[in-house]
Amino acid sequence: MSANTFAISELPASRPFTLRLHEWVTTVDHKRLGVLYILFALVFLIVGGIEATIMRLQLVRPHNDLVSPEVFNRMFTMHGTTMIFFVAMPLVFGFANYLVPLMIGARDMAFPRLNAFSFWMSALGGLFLYFSFLGGNGLYGAGSTPDAGWFAYAPLTAKTFSVVASSEY
Amino acid sequence: MLSSVIGSIGTAINIIATILCMRCPGMTLGKMPLLVWLNLVMAGLVILAVSPLSAAQIMLLIDRYLGGHFFDTQAGGSAVIWMHFFWIFGHPEVYVLVLPAFAFASEIIPVFSRKAIFGYPVMVLATIAIGFIGMSVWAHHMFTVGMSAGANTFFVLSTMAIAVPTGIKIFNWVATMWGGKLRFEAPMLFCVAFLFQFLVAGLTGVTLAVAPLDWQLGNSYYVVAHFHYVIVGGILFTIFAAFYYWFPKAIGKRYNEALARLHFWLFFIGFHLTFDFMHVPGLLGMPRRIYTYEPGRGWDIWNLLVTVGVVFQAAGILIFAGNLIWSYLRGKAAGNDPWDAWTLEWSTSSPPPVYNYAAIPVVRSRRPLWDLKHPEDPDWRYE
Chain A
794 MSANTFAISE
804 LPASRPFTLR
814 LHEWVTTVDH
824 KRLGVLYILF
834 ALVFLIVGGI
844 EATIMRLQLV
854 RPHNDLVSPE
864 VFNRMFTMHG
874 TTMIFFVAMP
884 LVFGFANYLV
894 PLMIGARDMA
904 FPRLNAFSFW
914 MSALGGLFLY
924 FSFLGGNGLY
934 GAGSTPDAGW
944 FAYAPLTAKT
954 FSVVASSEY
Chain B
2 MLSSVIGSIG
12 TAINIIATIL
22 CMRCPGMTLG
32 KMPLLVWLNL
42 VMAGLVILAV
52 SPLSAAQIML
62 LIDRYLGGHF
72 FDTQAGGSAV
82 IWMHFFWIFG
92 HPEVYVLVLP
102 AFAFASEIIP
112 VFSRKAIFGY
122 PVMVLATIAI
132 GFIGMSVWAH
142 HMFTVGMSAG
152 ANTFFVLSTM
162 AIAVPTGIKI
172 FNWVATMWGG
182 KLRFEAPMLF
192 CVAFLFQFLV
202 AGLTGVTLAV
212 APLDWQLGNS
222 YYVVAHFHYV
232 IVGGILFTIF
242 AAFYYWFPKA
252 IGKRYNEALA
262 RLHFWLFFIG
272 FHLTFDFMHV
282 PGLLGMPRRI
292 YTYEPGRGWD
302 IWNLLVTVGV
312 VFQAAGILIF
322 AGNLIWSYLR
332 GKAAGNDPWD
342 AWTLEWSTSS
352 PPPVYNYAAI
362 PVVRSRRPLW
372 DLKHPEDPDW
382 RYE
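Heads up: the sequence lines are chains A and B, in that order.
For the first sequence, the numbering used here assigns the number 794 to the initial residue and increments by one for each residue that follows.
For the second sequence, the numbering used here assigns the number 2 to the initial residue and increments by one for each residue that follows.
One or more of the hints may lead you astray.
If you want the footprint, here are the derived chain A segments under chain B, 3+ residues with CB under 8 Å [unchecked claim]:
(1) 810-820
(2) 843-849
(3) 870-880
(4) 885-898
Think of the hints as simulated: they come from the structure by calculation, not from any bench.
C-beta: ideal position from N, C-alpha, C; glycine also.
Construct the entire structure; sequences and hints are all you get.
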């Protein structure tokens with residue numbers, strides 16, 4: 794493939810890293826946002842995968858004591874939440890973003906700025922969720938990481954049974 | 002969480018508006034690629050399903066901070082309301098994820114079978130049927146709550162009914178492959194595994210739809226095995242297929258086929274070790290979400306096998322990540338149309354320029370690139 798088919802070659806090829814980063818952060822191009830969604834999902838796929846691995850190592854034999862019951866509860870809660878909201882959904886939206894305009898012969902999505910806003914809202918949600926590892930005792934004891942399962946069933950998430958700020962994440 | 006939910010709804014509105022308003026000249030609804038149809042229905046489901054979740058999240062916040070009692074049974078609220086809200090999101094969410102998986106299969110299987118998709122109108126109708134029925138099955142997650150017999154019957158029947166359009170789709174994919182010139186490269190391998198695994202996942206789903214059996218198996222490892230079969234065996238496998246299929250388009254370089262096949266076989270073996278054998282302790286009564294268990298209940302060997310599978314899956318994922326990075330840096334140039342495919346994205350350069358198409362294309366059939374490559378025998382003569 795010859796270099797002159799790259800449309801971006803209007804810009805100098807070797808731009809400083811900060812400029813390229815700025816382009817990616819402020820982009821409203823459906824293809825770049827699609828790639829951002831997918832990269833975001835792949836990072837969380839690794840995180841969610843590590844959580845699953847910790848659970849399976851704990852259950853590899855009876856009476857194993859790799860992690861405490863509290864940590865185990867947080868692992869399955871975070872694994873479920875991460876995999877659905879921050880892996881599967883961004884992957885779906887990433888591919889839809891990238892492919893739908895190309896396949897229907899359009900130049901971009903209908904609302905490119907809304908598209909960028911949506912991606913950064915999703916990314917913010919992911920960061921909020923993992924922020925919970927830092928608050929209070931984090932993973933241990935009565936920590937702040939969610940522990941009520943990914944369905945967050947009501948009595949378990951009500952104030953009586955969940956005294957710390959875990960469910961808000 | 003609310004923040005990501007707002008993002009999802011925004012994207013869904015965007016996808017619907019794009020598909021309805023921005024199609025190129027000649028592309029009527031009936032000439033859109035199936036991927037576009039499936040994403041249209043997916044986006045509709047996102048709006049219908051994610052909104053109740055955000056409502057419930059706001060109600061929970063009111064309960065916790067403003068002294069509300071929506072979910073507080075002692076003050077006249079109802080905890081079951083949360084379950085309804087959650088599952089009216091939760092079950093359509095499965096279809097939100099699985100429709101794009103169907104979309105990838107519907108694009109990849111025809112190209113690697115060298116045949117047009119079998120039964121395009123039926124595929125579209127089945128998709129819409131899944132969208133509608135998918136909104137009316139949520140309480141099958143709640144058979145153990147103790148609903149009335151009438152409600153139970155309704156949700157058993159609606160859940161079983163959704164197997165019909167799904168079955169139609171599986172038959173159509175198999176019919177597409179039937180008599181085709183099959184090319185078993187990595188994207189196709191993942192799609193073929195998906196066909197079989199999704200069939201099995203659907204069958205265990207129908208067993209769980211039987212309310213009395215669900216009373217027995219609810220909250221057991223059998224349920225965990227079932228939905229991981231759907232999400233990993235069904236959805237993740239086609240997502241890997243999509244990664245390999247569109248990687249040359251997005252990056253402009255070929256991935257390493259040998260590594261991709263190694264990834265497939267490792268992940269395939271790991272998946273079956275983990276999730277096939279996860280059904281067994283479930284049937285033997287092992288509940289989900291327990292952090293440890295007593296020896297001597299017949300669960301030990303199965304749990305060991307399940308964990309061994311994780312090792313294979315992790316190795317597969319590492320090879321996948323390595324392959325993507327290596328191919329990004331060192332891959333061979335892909336050219337515009339490495340798979341000899343038929344949809345519009347393969348007509349532009351790889352990677353596509355910022356403006357996608359220098360001139361907006363005009364299409365006359367469902368396979369515009371076929372028409373371009375075979376002017377003597379174009380599709381629009383037959384459609």
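Structure-based check of all given hints:
1. 810-820: violated (count 0)
2. 843-849: holds (count 3)
3. 870-880: holds (count 5)
4. 885-898: Held - the segment 885-898 of chain A has 13 residues with a Cβ nearer than 8 Å to chain B, which meets the minimum of three.
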